[in-house]
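Colleague: Residues 31 to 207 in the numbering used here are what the sequence shown lists, from first letter to last.
Quick caveat, the hints were computed from the structure, so don't treat them as lab data. No experiment lies behind these values; they were computed from the predicted model shown. Glycine included, every Cβ here is placed at the ideal spot set by N, Cα and C. Hints should not be assumed to be uniformly reliable.
[To be verified] Okay, the calculated beta carbon distance ranges per label pair: (1) V204 <-> G81: 17 to 27 Å; (2) Y82 <-> E206: 35 to 45 Å; (3) M31 <-> G81: 29 to 39 Å; (4) L182 <-> R129: 18 to 28 Å; (5) G156 <-> D183: 15 to 25 Å; (6) P69 <-> A114: 17 to 27 Å; (7) Q97 <-> R129: 15 to 25 Å; (8) T175 <-> A195: 24 to 34 Å; (9) P158 <-> E194: 34 to 44 Å; (10) E206 <-> N83: 41 to 51 Å; (11) A32 <-> G113: 35 to 45 Å; (12) A141 <-> G93: 22 to 32 Å.
[As the list claims (entries may be wrong)] Listed next, the in silico SDA-like pairs over lysine to any residue satisfying Cα-Cα at most 25 Å (straight line): (13) K115 <-> N174; (14) K115 <-> V57; (15) K115 <-> P187; (16) K115 <-> H184; (17) K115 <-> G70; (18) K115 <-> Q97; (19) K115 <-> V47; (20) K115 <-> D41; (21) K115 <-> H91; (22) K115 <-> G144; (23) K115 <-> A32; (24) K115 <-> S54; (25) K115 <-> P94.
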Amino acid sequence: MAMIFLGGSRDIYELPVPTIERISAIVAAEHGVLIGDAPGADAEMQGLLAGYNYEHVGVFHAGPQPQNNLGDWAAYHVPPPHGAKGFAVHAGKDRELARRADFGLMVWDGASPGTCLNVLRLAVIGSPCVVYDALRGTVATVHNTADWRAMLDHAGPDVRSAVEARMTADERLVLES
Numbered sequence: 031m032a033m034i035f036l037g038g039s040r041d042i043y044e045l046p047v048p049t050i051e052r053i054s055a056i057v058a059a060e061h062g063v064l065i066g067d068a069p070g071a072d073a074e075m076q077g078l079l080a081g082y083n084y085e086h087v088g089v090f091h092a093g094p095q096p097q098n099n100l101g102d103w104a105a106y107h108v109p110p111p112h113g114a115k116g117f118a119v120h121a122g123k124d125r126e127l128a129r130r131a132d133f134g135l136m137v138w139d140g141a142s143p144g145t146c147l148n149v150l151r152l153a154v155i156g157s158p159c160v161v162y163d164a165l166r167g168t169v170a171t172v173h174n175t176a177d178w179r180a181m182l183d184h185a186g187p188d189v190r191s192a193v194e195a196r197m198t199a200d201e202r203l204v205l206e207s
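Assemble the whole structure, with the sequences as input and the hints as a guide.
Modeller: See below:
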């Protein structure tokens, strides 16, 4: 069973039709789903999966309990480093989701640095990721860091700066090689 990391921007509250169709195909193929607990795209995708009564789902969370676990699925706690604040609270959980995934499916608003970094994390380990850019209405599959750079080229300088600020030293190193 292939494991699919589903995720996206917190500001996405309506899934694009191609995303719904892709998730329907994931369910039909009985792939495993790895998903976070955030509001926005994560919760919308969870709601769709719960509507299918789909069982092959694992919800990853950084807090003591998941913020969202709409199907009452298995929950996996990935505690943040001591003293972590802001995005750093969820970064370890997101890295673990990417590490366990064979493929990704992300809905990006064209601005979320976290979603953009999740696509990079998948590209670095060779896990293809279908990215629905809700801002531009486009779909692309990111296979490697060159594809990821092309995706980031469409983002504004403020988004690129935010992504770079959140990267680990290892993530920067991979992009330099």
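Colleague: Hint by hint, say whether it matches the structure.
Modeller: Comparing the hints with the structure gives:
At about 38 Å, the beta-carbon gap between V204 and G81 misses the expected band of 17 to 27 Å. Taking the beta carbon of each, Y82 and E206 are about 42 Å apart, inside 35 to 45 Å as hinted. Taking the beta carbon of each, M31 and G81 are about 21 Å apart, not inside 29 to 39 Å as hinted. Here the CB-CB span from L182 to R129 is close to 21 Å, well matched to the stated 18 to 28 Å.
Checked against the hint of 15 to 25 Å, the pair G156 and D183 passes, with Cβ atoms roughly 21 Å apart. In this structure, P69 and A114 meet the distance hint of 17 to 27 Å, their C-beta atoms being roughly 19 Å apart. Checking the proposed 15 to 25 Å range against Q97 and R129 shows it holds: the Cβ atoms sit about 21 Å from each other. One distance hint, 24 to 34 Å for the beta-carbon pair T175 and A195, is violated here, with the actual separation near 18 Å.
The hint said 34 to 44 Å for the Cβ distance between P158 and E194, and at roughly 23 Å that hint is violated. Distance hint for E206 and N83: a CB-CB separation of about 46 Å, consistent with the stated range 41 to 51 Å. Distance hint check for A32 and G113: the Cβ-Cβ separation is about 36 Å, which falls inside the suggested range of 35 to 45 Å. In this structure the supplied range 22 to 32 Å holds for A141 paired with G93, their Cβ-Cβ distance being about 24 Å.
As the CA atoms of K115 and N174 are separated by approximately 30 Å, the hinted pair breaks the 25 Å bound. With a C-alpha separation of about 35 Å, the suggested pair K115 and V57 falls outside the 25 Å cut-off, and the hint is violated. Using a Cα cut-off of 25 Å, the hinted pair K115 and P187 holds, with the two alpha carbons roughly 24 Å apart. Taking the CA atoms of K115 and H184, the gap is about 28 Å. The hint is violated against a cut of 25 Å.
Between K115 and G70, the direct Cα distance comes to roughly 20 Å. Compliance with the 25 Å bound is thereby established for this hinted pair. Annotation: proposed proximity of K115 to Q97 holds, straight-line Cα distance about 16 Å (limit 25 Å). At roughly 34 Å between alpha-carbon atoms, K115 and V47 are farther apart than 25 Å, so this suggested pair is violated. This hinted pair checks out: K115 and D41 have alpha carbons roughly 20 Å apart, not beyond 25 Å.
Under the criterion of a C-alpha separation no larger than 25 Å, the hint pairing K115 with H91 is consistent with the structure, at around 15 Å. Using a Cα cut-off of 25 Å, the hinted pair K115 and G144 holds, with the two alpha carbons roughly 14 Å apart. Restraint check for K115 and A32: the C-alpha separation of about 33 Å exceeds 25 Å, so the hint is violated. At roughly 35 Å between alpha-carbon atoms, K115 and S54 are farther apart than 25 Å, so this suggested pair is violated.
For the hint linking K115 to P94, the alpha-carbon distance of about 15 Å falls within 25 Å, and the restraint holds.
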